[in-house]
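Engineer: Here is how the chains run, residue by residue.
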Amino acid sequence: MSEYNFAYLDEQTKRMIRRAILKALAIPGYQVPFASREMPMPYGWGTGGVQLTAACLTPDDRLKVIDQGADDTTNAVSIRKFFQRTAGVTVTTATTDATLIQTRHRIPETPLTQGQILVYQVPIPEPLRFLEPRETETRKMHELEEYGLMHVKLYEDIARHGQIATSYAYPVKVEGRYVMDPSPIPKFDNPKLSDSPAIQLFGAGREQRIYALPPHTHVVSLDFDDHPFRATKADHACDLCGADASYLDEVVTDDAGGRMFVCSDTDFCTARVAAGHKGRLAAEAA
Amino acid sequence: MTAPILSVQHLERRYGARIGCTDVSFDLWPGEVLGIVGESGSGKSTLLSCLAGHQRPDAGTVTYDGRDVLAMAETERRRLARTEWAYVHQHARDGLRMGVSAGANVGERLMAVGQRHYGDIRAAAVDWLDRVEIAEDRVDDRPSAFSGGMQQRLQIARNLVTGPRLVFMDEPTGGLDVSVQARLLDLLRGLVRDMGLSVVIVTHDLAVVRLLADRLMVMKSGRVVEQGLTDQVLDDPQHAYTQLLVSSVLQV
Ligand SMILES: Nc1ncnc2c1ncn2[C@@H]1O[C@H](COP(=O)(O)OP(=O)(O)O)[C@@H](O)[C@H]1O
Ligand SMILES: [Mg+2]
Numbered sequence: 001m002s003e004y005n006f007a008y009l010d011e012q013t014k015r016m017i018r019r020a021i022l023k024a025l026a027i028p029g030y031q032v033p034f035a036s037r038e039m040p041m042p043y044g045w046g047t048g049g050v051q052l053t054a055a056c057l058t059p060d061d062r063l064k065v066i067d068q069g070a071d072d073t074t075n076a077v078s079i080r081k082f083f084q085r086t087a088g089v090t091v092t093t094a095t096t097d098a099t100l101i102q103t104r105h106r107i108p109e110t111p112l113t114q115g116q117i118l119v120y121q122v123p124i125p126e127p128l129r130f131l132e133p134r135e136t137e138t139r140k141m142h143e144l145e146e147y148g149l150m151h152v153k154l155y156e157d158i159a160r161h162g163q164i165a166t167s168y169a170y171p172v173k174v175e176g177r178y179v180m181d182p183s184p185i186p187k188f189d190n191p192k193l194s195d196s197p198a199i200q201l202f203g204a205g206r207e208q209r210i211y212a213l214p215p216h217t218h219v220v221s222l223d224f225d226d227h228p229f230r231a232t233k234a235d236h237a238c239d240l241c242g243a244d245a246s247y248l249d250e251v252v253t254d255d256a257g258g259r260m261f262v263c264s265d266t267d268f269c270t271a272r273v274a275a276g277h278k279g280r281l282a283a284e285a286a
Numbered sequence: 001m002t003a004p005i006l007s008v009q010h011l012e013r014r015y016g017a018r019i020g021c022t023d024v025s026f027d028l029w030p031g032e033v034l035g036i037v038g039e040s041g042s043g044k045s046t047l048l049s050c051l052a053g054h055q056r057p058d059a060g061t062v063t064y065d066g067r068d069v070l071a072m073a074e075t076e077r078r079r080l081a082r083t084e085w086a087y088v089h090q091h092a093r094d095g096l097r098m099g100v101s102a103g104a105n106v107g108e109r110l111m112a113v114g115q116r117h118y119g120d121i122r123a124a125a126v127d128w129l130d131r132v133e134i135a136e137d138r139v140d141d142r143p144s145a146f147s148g149g150m151q152q153r154l155q156i157a158r159n160l161v162t163g164p165r166l167v168f169m170d171e172p173t174g175g176l177d178v179s180v181q182a183r184l185l186d187l188l189r190g191l192v193r194d195m196g197l198s199v200v201i202v203t204h205d206l207a208v209v210r211l212l213a214d215r216l217m218v219m220k221s222g223r224v225v226e227q228g229l230t231d232q233v234l235d236d237p238q239h240a241y242t243q244l245l246v247s248s249v250l251q252v
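Protein sequence lines correspond, in order, to chains A and B. Residues 1 to 286 in my numbering are what the first sequence spells out, letter by letter. Residues 1 to 252 in my numbering are what the second sequence spells out, letter by letter.
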C-alpha cells in the first residue's frame with residue numbers, strides 16, 4: 001500500500017537494524033542492542049521478529065509465518081497479512097518453498113537449507129536474567145564468560161524434579177563462547193539450532209536486542225555429566241501422519257477424556273498425509 | 001622464610017572530600033587472622049571492600065601472593081574472588097542467592113569453576129552444610145526459610161566450599177543474638193584452624209577479636225591508630241582511643 005514504505009519501516013530504520021544484524025552475525029550468540037521501533041501491534045506479538053523480517057525482506061522473498069508450528073493461528077495470520085499488505089511479498093506455508101520464515105516457539109521439522117532465513121520472536125533475550133536481575137552484572141558475566149549461574153538453574157531443576165525439567169527456552173552455548181536463550185522453543189528443537197545451513201536471527205522488541213547464528217554455527221545445550229541433555233518429546237507417533245520423530249501437540253478430542261497426538265508443525269504433517277503416510281487416527285480424521 | 005599472603009601499602013579511599021580510609025599499611029601472613037576494630041564510620045568496611053576489589057582505592061598498593069591486585073585484569077580478580085578468596089558479608093542476604101536452595105547456594109562456586117557433575121556438587125553441598133551444622137534435609141530449602149544464624153552459616157559454607165586461602169569478613173556476627181553469635185564464633189574458629197585460613201575480619205565487637213584474631217588493627221577516622229598482637233593491644237593499649245575502646249567508655 002502506498003502510504004507505507006516497503007515492509008512498513010523507513011529505509012533509515014531498516015539500515016540501522018541491518019547493521020545490528022551484521023554485528024550479531026559477526027559475533028554469534030552475542031546480544032546486540034538496537035533502537036526498537038513502535039510497530040502497529042502489541043509487544044507480545046513479536047515486534048522484535050517483525051522488525052527483523054522487515055529489515056531482511058526483498059520483493060522476491062517468499063514468506064512463511066508460524067506460531068507454535070502452525071501457519072493458521074491468529075498471530076501467524078496477522079503477521080503474514082501485515083507483510084502481504086506492506087511489502088506485497090508472496091506468502092507460503094511450505095517450509096521448503098519459503099525464503100524467510102518468521103517463527104514463534106518452533107523450528108520447522110523439515111531441515112532448513114542454505115539461503116533461508118529463520119527469524120525468531122524473542123520475549124526475554126537474557127538467559128541469566130532469572131537469577132541476576134541487574135543488567136550491568138549480566139553484561140559483565142557475558143563479557144568475562146562467567147556462566148556458572150546457568151548451571152545453578154539446572155541444579156535447582158534436578159534438585160526439585162529429579163531431572164532437568166526445563167523444557168522450553170533451554171539454554172545453549174554458542175561456538176564455545178556466549179550462552180544464549182534460544183527463545184521459548186521446546187528443547188526438542190535445540191539440536192536443530194546447531195550446524196544449520198540457514199541463517200538464524202533472534203529479535204526481542206521490548207528488550208531491544210538482536211542476536212544471531214550464522215550458517216553452520218556450533219550450538220551445544222548446557223547439561224551435567226551425570227544428567228546429559230536429551231531432546232525429548234511425547235512418546236507417541238503422530239495420530240494423523242504417523243511420524244515418530246516430530247514434535248507433538250496433545251489435543252483433547254472430546255469430553256470423555258479422548259485425546260490425540262498430532263505434529264505441532266502443520267506443514268510437515270499435511271505434506272506427509274498428502275504423500276500417503278497414515279497415523280493411528282488417519283481414517284477418522286479424514 | 002615465608003612471604004605475606006596479603007601486603008597493603010598506604011591504601012587510601014576518599015568519597016569526594018571525605019576520607020574513607022587513608023595511609024593503611026599492613027602485612028597478613030599465611031594462616032593469620034587480622035582483626036580490624038573501630039567505631040562505626042572509622043573506615044573498616046571501606047578498607048575491606050578495597051582489599052577485596054569491590055571498590056577501587058585512590059592510592060596505595062595491594063599485593064596478594066606476590067601479585068599486584070590493582071593492576072590485575074578484572075577477569076583475573078573475579079576468578080580469584082570465586083576461588084582463592086572469600087567474602088562474608090555482614091548481612092547474609094547480601095552474600096546469598098535468596099531465590100535458590102541452600103544446596104545451590106553452596107554449589108554455585110563449584111559450578112562457577114567448572115564442576116559439571118550434579119552428584120558430586122550435591123555431595124559437596126551436603127558435606128559443607130554438615131560442617132556448618134545445617135541438617136542434610138535442609139539442602140533443598142531456600143535460605144529465606146532459615147534463621148539469621150543459619151543464613152550466616154550457609155553464607156560461610158558457600159564461601160568456603162572451594163577451599164579459599166584468604167577470607168574477608170565484615171561484621172559476620174553483627175545483628176545476631178548473643179547465644180547465636182557465640183556458636184557462630186566457635187564454628188568460625190574451628191574452620192579457620194582446620195583449613196589454615198588467612199583472615200581479615202572487621203568488627204566493632206572486641207569479644208569477637210579476642211576470640212579469633214591473632215593481631216589487631218585499631219582504626220579511627222579512616223586511619224590506623226594502633227596495631228599489634230591482640231592480647232597486647234587489648235591488655236595494654238597505648239593509644240588513648242584504644243584505651244577508651246577497651247575500657248568500654250565508647251559506645252561502639
Ligand atoms: N559510599 C559512600 N559514600 C560516601 N561516603 C561513604 C561511603 N561509604 C562510607 N562512607 C564514609 O566513609 C567513612 C567510613 O565508612 P565505613 O567504611 O562504612 O566505616 P565502618 O565500616 O567502620 O563503619 C564514613 O565517614 C562514611 O560516612
Ligand atoms: Mg561497616
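Be a bit skeptical, because a hint or two may be false.
Claimed, not checked - Derived pair list, reagent style DMTMM-like, types lysine to aspartate or glutamate, alpha-carbon separation capped at 25 Å:
#1 Lys140/A / Asp58/B
#2 Lys173/A / Glu74/B
#3 Lys153/A / Asp58/B
#4 Lys140/A / Glu84/B
What the hints assert, rightly or not - So the derived label-pair ranges between C-beta atoms look like this:
#5 Arg160/A / Glu84/B: 39 to 47 Å
#6 Gly148/B / Glu145/A: 49 to 57 Å
#7 Thr61/B / Lys140/A: 23 to 31 Å
#8 Arg15/A / Glu76/B: 37 to 45 Å
#9 Glu145/A / Ser25/B: 50 to 58 Å
#10 Arg19/A / Asp120/B: 19 to 27 Å
#11 Trp29/B / Thr136/A: 30 to 38 Å
#12 Glu74/B / Arg15/A: 31 to 39 Å
#13 Asp225/A / Gly41/B: 46 to 54 Å
#14 Leu22/A / Glu76/B: 26 to 34 Å
#15 Thr136/A / Tyr15/B: 37 to 45 Å
#16 Asp195/A / Met195/B: 26 to 34 Å
#17 His218/A / Gly114/B: 49 to 57 Å
These aren't lab readings, by the way, just hints derived from the structure by calculation. Each residue gets a CB set at the ideal place from its N, CA and C atoms; glycine is no exception.
Engineer: Each hint should be assessed against the structure and marked as holding or not.
Structural biologist: These are the hints, each one checked on the structure:
| no. | hint | in the structure |
| --- | --- | --- |
| 1 | Lys140/A / Asp58/B | 23 Å, holds |
| 2 | Lys173/A / Glu74/B | 23 Å, holds |
| 3 | Lys153/A / Asp58/B | 38 Å, violated |
| 4 | Lys140/A / Glu84/B | 20 Å, holds |
| 5 | Arg160/A / Glu84/B: 39 to 47 Å | 32 Å, violated |
| 6 | Gly148/B / Glu145/A: 49 to 57 Å | 35 Å, violated |
| 7 | Thr61/B / Lys140/A: 23 to 31 Å | 25 Å, holds |
| 8 | Arg15/A / Glu76/B: 37 to 45 Å | 40 Å, holds |
| 9 | Glu145/A / Ser25/B: 50 to 58 Å | 35 Å, violated |
| 10 | Arg19/A / Asp120/B: 19 to 27 Å | 46 Å, violated |
| 11 | Trp29/B / Thr136/A: 30 to 38 Å | 37 Å, holds |
| 12 | Glu74/B / Arg15/A: 31 to 39 Å | 35 Å, holds |
| 13 | Asp225/A / Gly41/B: 46 to 54 Å | 50 Å, holds |
| 14 | Leu22/A / Glu76/B: 26 to 34 Å | 32 Å, holds |
| 15 | Thr136/A / Tyr15/B: 37 to 45 Å | 21 Å, violated |
| 16 | Asp195/A / Met195/B: 26 to 34 Å | 47 Å, violated |
| 17 | His218/A / Gly114/B: 49 to 57 Å | 19 Å, violated |
Checked against the numbered hints above, the structure violates hints 3, 5, 6, 9, 10, 15, 16 and 17; every other hint is satisfied.
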